[in-house]
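S.K.: The primary structure of each chain is shown beneath.
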Amino acid sequence: MNPKRKAVSIAAAGTALGVAGLAAIAVPAGAGEAPELPPVSAESLVESVLRADAPALSGTVEVDNDLGLPAVPGVPALDLESARVYSDGEGRSRLALEDGASEHTIVLDGNTLWNYDSATNTVTRSPVDRAHGERPLGPEGERMADPTRLAAEFLRTVRESSTVTVDGTARVADRAVYELVLTPKPAERTLLREVRVAVDSESRLPLRLSVHTNGTTEPALRIGFSDIDFGAQPAELFRFTPPEGATVEQEQQPQREDHMRDEVAGDVVGEGWDAVFVGQLPAGLLDRQAPGERGENVRGLLGQVGTPVSGEFGSGHAITTKVGTALVTDDGRVAFGAVPQQVLTEALGTR
Amino acid sequence: MRTVSVDGGIADHPLSPPTGPLAARTRGLRKTYGPTVAVDHVDLDVPEGAVLGMLGPNGSGKTTTIRMLLGLVRPTAGEATLLGHAMPDEAGHALPDVGALVEGPGFHPFLSGRDNLLRLAAAEPRLGGGDIPGAVDDALERVGLTAAARRRYRGYSLGMKQRLGLAAALLVPRRMVVLDEPTNGLDPAGTREIRSIIAELHASGVTVLVSSHLLAEVEATCTHVAVLHAGTVVAQGELAELLETGNPGLVVSTPDTTAAMEALRGGRIPSRLVPEGVRADLTAATAPEVVACLVRAGVPVHEARRARTGLEDLFARLTQGETNGEDRPERDGLSDVVETDGEDT
Amino acid sequence: MTTQVLAGTGSRAPHAPTVRLLRAELHWIFHRPRTLVVLGLLAVLPVIVGVALTLADSPGPPGDGPGGEGGGSLLASAAGNALVLPVGTLAMTLALLLPLAAAMAGADALAGESAHGTLRGWLLAPVSRGKLLLVKAFGVATVAATAAFTMALTGMLTGLVINGGGTLFTLSGTTLSFPAAIGKVAVAAAWVSLQLWAVGAVALAISAWTEHPMLVVASVLAGIVLFSVLGLLDALSWLHPVLLNDSWQIALADVLRDPMPLDTLGEGALRAACYLAIGLSVAYARLTTKDG
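One line per chain: the protein sequences are A, B and C, in this order.
If you count by the UniProt record's numbering, then the first sequence holds residues 1 to 351, one letter each, in order.
If you count by the UniProt record's numbering, then the second sequence holds residues 1 to 345, one letter each, in order.
If you count by the UniProt record's numbering, then the third sequence holds residues 1 to 292, one letter each, in order.
Since no wrong hints were added, every one of them can be taken at face value.
Computed from the model, here is a short list of chain A residues facing chain C with C-beta under 10 angstroms:
hint, residue
1, G14
2, V19
3, Y86
4, P234
5, F240
6, P242
7, E244
Source of the hints: derived by calculation from the structure; they are not laboratory data.
Beta carbons are placed, not taken as given, at the ideal position from N, Cα and C, and that holds for glycine.
Chain A with its partners taken away, still in its complex shape:
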């Protein structure tokens, strides 16, 4: 062959290789073929999920949200995108949240919950009372005395308002999964169309949860593993020693969630998909300083992000998202649920 032509063909091959590589990077891996799995009933699938122990694993959890939350001026959007998760299967775990070029590291070493923020070089340590079960990543299995009975009970409750099916198989994080689908019964007045849970065919660990709303094809919320590896994890992942020069803060019980419960008192009205939480905001909250940089109070902020509504219950502001609606009345009552606004006003009216 002509040396010139030979050189050009070598170069063309090299270029083609490079372009193919780039294309491989650019084109998402795709869901691939749905795997062939033995059929399973919804009952036995739910039971096996409840029976399963969370194994030792490492993985990356990704959150896609298209909730349609209103943008609050001056407040950074909630955009947790991914977190790396490690668990030793025995109650110790580690969570790494990337926040730009810094990182929040949360380590549960069995007795202490460490929360490290690299941007401020600050460590917060919180004692964990195991008896109260404050275990962010602990296995669920231990509390379940009899998974079979529990599963039956769970399904019975759920089936009052929903259709539960196993909708074939799929691949999540390169693992074969069953798709468990909960669909609201026609009588349910909800914004949601269905909730899908992808269950690993081997470990029976839920690998992905997606919430679909009426009128959209993409899920409004999807949280799940983008990759996962089962197997023993190095022990040093579940220990934490504050680095030199870090500020260490000791946090006392009770935990923050308990504060919330003390402050927002209320009840759940209704059952199933159209259940609505109706409650009373803590006194004076509406006139407090709102988060963010504008220096407004909460009431002013509500005026910006919500739409004014009025009815039998009085008047207030409604905040509508794809997956739910919240309504805050001017006199400090609050109602929210995965329902259209009308259900909220009815719920408020019943009280």
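With the hints as your guide, set chains B and C onto chain A.
M.R.: Relative to chain A, chains B and C alone:
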């Protein structure tokens, strides 16, 4: 025997092809850059051991031909052979034995002359690793740059730069050396040095191909000459014979040039005035006929000698042949030479 | 026709040892004043950044929350941390300065040599054009790696001098042993080198097409700016994975996490390898076909 060939005449007019081995040869060489034809139909023969001067005005295709011969440029058509190897595809075989200075010296300004040569020597296949410093120092000495060897190239004069380029061509004992306009920018002393180096190379049997647009340089150094014009070889052969070629003439010294001109016109012999007297063209008549014609007309003839055309005359006629001279009506220089070539001897 | 032609000298073409060519190339590169000045400035940069961070003495606050990514906010964690300084300055300079240094090396390698008429010298020696590209690519790669590793070294030393040996901890709060810290910084420098090789390969490809070194540097600069702008447009998110600098500002932070997540780094490395293959192929095609 003549070894003059003109304008692709080798194929059409098998006059007298060069004998002996050729160091370089091209056939039908053509190079176009887009619509521009740089070189066309170049058939060049460089006999082994010759010093061939490639003569032509700027833009006549000398450098392009040399670049194709050296494998730097791939011909659009035709073939080039250097030391028996097809160029450019077998450049790896031919070039180790060829030293070249093409398109002026090319060196890095921030390196010393010696470091520049060391860098080039590292790429010389014929040099062993241990021989490099010695070869570099020898080459520097040969071109008279030893004193300036460790100065940065940036500070070199034009002549020193040219000599460093020559040193690069002489790093290794070569079978052939190609020098493109080697005396560019040199003072007379530098020009003489180049000439003596070419003479040394010739004496040691090295084939030299040297291009120039200066006739005197070629006349002074070359054994062979090839004249390029507008991208083609219009004449080539041994220098001595080319010097005698051209329109043969007889220069007659006479006090009465007017009478001489009239007499020759009467004898239908083309002639013109030259400083020494009258120059009669010998294409239509032989020398005895010219003298006889003049004597019959009673013109006093002091001296008659064969005109030595000179390469200059040839060069001027070949390269400016578009304008008709009075001694070659309705013919351009090219065909003129072809004819004389055939008739002579 | 009785013309004889001289016989050839053998079937295998003689050639100078490649190692000798590589050594000559390095000698040339590291005797070029401009290269030395650029490498020197890059080496001093981490010292300046380290001193400036110490004088400013503000270990936080973080950037403007998420989105304030990049070397800048990575450097927010560099005060008081000897490990973050070298990687942070690498991330900062990878945005523009380091690629420009690689582009400059690529520009000098072919276009600069053509401009001086020096490429001809080696072609006539002869050095085959494929080997010429090999030697040139080696030279550019050496400059790029030297820049990255020199910065990593001076950054590490500065961090240790300012903050002390006990401050080698990751973004995850893990305190590292000295060898482990060296390892992390070396990984960062190696990854940066690979990215710079990709830039250098593209620069070589452009360099093979022109005789104007500044045109090469300007083209690479324009490319980086263009890619950065394209990377900011959400509407073009499908295009982002093929932009060479897509992960430049986030991947290096991953080196400082413990355990080190490999997906972004790996994808960035693969992307760089693709650019490397394309750049060298185009350079090879041009170099072997162009007139010397």
